Structure formats: C-alpha cells, structure tokens
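Please take these sequences and the hints and turn them into a complete structure.
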Amino acid sequence: MARRYDSSTTTFSPEGRLHQVEYAIEAINNAGTCVGILAKDGIVMASERRITSGLLAPAKTSEKTYKLCSHAACNVAGLTADANILIDQARIYAGKNHYVYQDPVPVEELVEHVCNYKQAYTQYGGLRPFGVAFLFAGYDKHHGFQLYQSDPSGNYSGWKATVIGANNQAGKSLLKTEYKEKAPSVQEALMLAVRVLNKTMDGTAASVEKMELFKMTVDDKGKCQHHILTATEAKDVIDSVVAESASAGDS
Amino acid sequence: MDTVLAITFKGGVVLAADQSNARSIITYQSNIDKVKELSSHSAIGVAGPNCDLVNFTQYIAKNLALYRLNHDGLKLSTKAQANFCRSKLAEALRKGPYQVNVLLGGYDEDVGGSLYYMDYLAALEKVDFGCHGHASSFCLSIMDREFRKDLDEEEAINIIDHCIDEIHTRFLINQPNYMIKVIDKNGVRISKFGGDPSDT
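Chains as they are written, first to last, in my numbering: chain A, 1 to 251; chain B, 1 to 200.
Keep in mind the hints are simulated off the structure, nothing from the lab.
Just so it is clear, the structure is predicted and the values come from calculations on it, not from any experiment.
Using 25 Å as the maximum straight-line C-alpha spacing, the simulated BS3-like pairs for lysine-lysine come out as follows: (1) Lys-79(B) to Lys-223(A); (2) Lys-40(A) to Lys-221(A); (3) Lys-221(A) to Lys-126(B); (4) Lys-75(B) to Lys-96(A); (5) Lys-96(A) to Lys-79(B); (6) Lys-96(A) to Lys-95(B); (7) Lys-75(B) to Lys-223(A); (8) Lys-141(A) to Lys-67(A).
Right under this line is the structure:
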C-alpha cells in the first residue's frame, strides 16, 4: 500500500505519513550508537566507533563528535556526508550570529536553525531528506547546559538523557531505570554512558578503540570546555565500570 | 544640529536629547522626543534627520521585538542590542546609509547600566558617558570633569543639567527644550522634559 506514496517526500500517504522521512529515520537505526546525558555540571556524549576495516587510517579528530562553536558541540548518527553539510550550516549560523550580536548564540536557536534547514527537505525541492540524527550539547547563560536530539524530519526536543542510532531502544530503557531524578555528576554520567554503550553494543567487549567519550563543562571563568577523553582517561572510566559490574553480584 | 547626551550611573543610564525639529531657518516643532525606547530596559538617543531617526529606531525596535517573539521571550543584552544596531548601520553604509549618530543605553541585571556610542559610519564603543552633535564641543569637558564611577541617579541628572545650562549659554542654535529619560532596573521612564511630545 505504501508503495505508491513513498517515492516522494512531498506526498502524504493516505494514513497521513511521510514515508521518505520515516525511511530516513530507519537509516539511522543502522548507524553507530550515540548516548547523551545531562549532568549537573556538564554534558556527556558517548558514541560507538564502528571500525569497518583494519586498513582504515585512524581519524585524527573524530568522526562522531563535532565542535559547532565555542559553546556547542554535536554527535552524529547516520550518513556522515549528509552530516557534514548540516554541521557547516550550524557553524556558519553560530559564527554569523556572533558577528551581529557579539554574544554566543542561544543553543536552542542554533538547533532550531539546523532543524528548519532539515525540514525544508521534507516539504519542497523534491530532494531526499538528510539521513542524520544529531545530539546537540551546549551551554548558554539563559538555560545553562542543554541536550537536544534532532532527526531527519526536522523535529527536535530537549532531553535529560537519550540515545540515537543502533539499538537505541535498549539504551533508552536502561537510561529510564538508571538515570536518577537528581542529575548525576559528569564522572557518574560518563560511567552511565559507558554502561549504556555496553548494552547497545552487546556481544562486543567494551574497549577504548570502540568507544569515544566526550564531555562539555564550564571552567571557573565561565568559558566552555570541550574535551574528547584521551585513551588513558577513557580506559579509566571503562575499567571502573567493568569493576563495578564485576562486584555487583557480590553481597 | 541635534544634541544627544548620556551618562551611566550606579544601576542605570541617563539619556537626554534636545527636542527641536528644525531645518534651514525654520523650527517645525520644539517638543519631539529623540530618545526612543528599544525594549523594556533600553533606549536610544538619536541625532540626525527626522526621517532616519524614525525609520532606524522603529526598524531596530521592531526587529528586537521579533527576536523576542521568535525566541520565547528571550531578551537580548544591551551589548547584543548595540552590536545588532551597529551591524545594521554597517550593512546599510555602502548601500543607503542611515545618517544617524546614536547613544544606546540599557540596563542588564548582571551588568547594571551600560552605554554604547555609535556613529553613522557604524563605529561602536562602550563608554561611561557621551555626547553627539555640536554640543559635544561644550559638554564633553564638563562630563570629563564631573563624571565619577558609581554616581547616583540624582548626581547624573545634575551633570546633564550642567551640560544643558552650558548649551543654553554658549551654543548659537536655540534649543530651549530637552527630554531626559532614565533607564534602571524598573525600565525606561521620563525624568523630565521641556516640551510635551504628546502636545500636537
């Protein structure tokens, strides 16, 4: 039934659905998992590094985490080529905004701009939607630390903790039980993120090569700090999670 | 021929401007208000042709209102408003410039009162006090001498009054009436005026 109505983004199906947009969202469910967690003094984003070939040169920076401006960063799940276009958009918008107002762009405004750009591809032009979902992490003086998720439809929402990419339902159910009412510290959030990735990547052992951990904090001068954990730091977090779960069964 | 004066004080800014609308040898009116409100806690004192004064202030004020509507009531800081203003002046400069010289004052909770000096070439500088127009030849030295950090409102208005007295004594052009407005944590209010703007 859907066959007739799924080849064009600009056509609703009789059930009131946009199939192209839904298929784009499906595409992301095959991508490497990303977890985002809002801590009380920062934001943590962790992602699965998919190593498809041993011959691949290791990325010098990251293929999952991108800095958008001094106070915002994002994690990507989906088609990297599509993501690059949108990240350019976000960076230009943040930069232009800073030129005009000489003030950091409010995080939600930046997210909304990227999402409005994505929405255009679901309504006109006859072009396919972007096959990317983002986790945006940012800090501004209006709302403090914020975590947003967006998908190919151009919708976005703010979250305390969320998962995108492969096995995100398993990750989300773990977060539902383990994310306490009171926001965790950044360190606790890092460990929770590793636990979530362990669950979504189930079968494979947790290791530094397979996970990328990112944290955003603010120093005492109010300046935002972006930090992708080094191999040693990441190993420390993974080791403490492993130790915790090993002793969990003991009474 | 316009005069615009402004001084920051502890907890706010005083903005003052003459009220004459004149061209060539004729005074059209002596009760116009050249200190226009931009938002709840900011205002702009403008020197320049009446058309640009009105056009520019309304353009900025309405764009700031649109920003608030688009961003859930988020208020722009005085610094952001001043830079926005400057960017519009800069954009228009090589197309069809606004011939306005401006003093933008505002109150922010975290900063207190702040004042920005802008000219028609889109220069922007944060200042403690400022003047635009021929009056600056008479008034800057008075402000230089009498300004201190953390004045209170009354002292600031006093300095403005000294400046206005000097203009009345020494400036060739007759500017009998002045509009004085105060911006503080309560918003923008009229302190006093010579001619009632609503008097048509």
